[in-house]
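Undergrad: Adding 9 to a residue's 1-based position in the sequence shown gives its number in the working numbering.
It is worth saying that the hints were derived from the structure and are not from the lab. Any given hint could be a false lead.
[Said to hold, decoys possible] Simulated crosslink set (SDA-like; lysine to any residue; CA at most 25 Å straight-line):
#1 LYS61 to ILE84
#2 LYS224 to GLY192
#3 LYS11 to GLU74
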Amino acid sequence: MKVIKLGGSIITNKAKFGEFREENAKALSRVISDSGHEAIIIHGAGSFGHIKAMDYHLNVPGQIEGKTGKIAEVIGDVLTLNSLIVGTMIREGINAFSLPPHSIFPITDKDYELIDHLLRNRFVPVLYGDIIVSDGDYRIISGDEIALEMAKKFSPEEVIFVTDVDGLFTSDPKKDKNARLIGKVRAPEIDIGYGDIDATGSMRGKVERIKEILKYTKKVLIVNGNYPDRLGKALRSEDTTGTVIT
């Protein structure tokens with residue numbers, strides 16, 4: 010079984026609220042469908058979640074009181090994105106089954122049993138970055154955090170992060186034209202300041218999460234979702250452009 014995390018920047022225009030990248034979602038869904046793999050899919054909230062969450066100051070955990078309407082609004086917006094994604098996947102032949110995190114987190118054994126039941130019956134559970142509420146408090150749960158939770162419980166064959174960059178580089182490829190892609194690396198070698206590996210900004214947080222994930226799976230792969238066939242090759246266990254972390 011594989012866990013596949015589709016980054017929000019791949020399925021939405023992160024600079025424009027509510028803009029769904031339908032063609033990208035179709036192409037990625039098609040290669041996942043063609044692979045026939047048992048999988049759990051997680052997607053980011055992208056512009057459907059992050060823009061308002063920042064505007065409403067929901068990006069920092071806190072008390073629900075006084076923010077109920079704004080929390081409900083963002084949850085609804087991200088649920089809209091999930092509906093678009095799941096609909097696209099179903100049309101491309103994936104037995105996608107939406108599992109809104111706000112309805113199952115904090116996750117219990119009963120919820121894991123549901124996911125296991127879905128997998129046994131050839132459904133593909135689809136979760137996503139969301140806002141969860143509990144005991145009068147709220148917080149954002151990221152897709153990367155959910156990927157870790159799924160890895161802990163199901164020990165997948167591998168976890169694949171589909172992002173808007175090719176993988177890990179020697180420096181930030183968006184700022185340095187001489188940045189080199191690192192094809193394969195061991196997790197302990199990615200510590201900040203180690204050798205020539207760049208893991209700063211948002212990628213730094215992702216790498217720290219990946220290190221945790223590697224306690225429960227043998228391999229993590231980062232590929233660029235703007236080139237869907239790279240995900241297809243990864244799912245076929247073929248060499249592809251990206252970074253393999255072990």
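Undergrad: Now, for every hint given, state plainly whether the structure supports it.
TA: Hints, one by one, checked against the model:
{"no.": "1", "hint": "LYS61 to ILE84", "verdict": "holds, 10 Å"}
{"no.": "2", "hint": "LYS224 to GLY192", "verdict": "holds, 21 Å"}
{"no.": "3", "hint": "LYS11 to GLU74", "verdict": "violated, 39 Å"}
Of the numbered hints listed earlier, the single one contradicted by the structure is hint 3.
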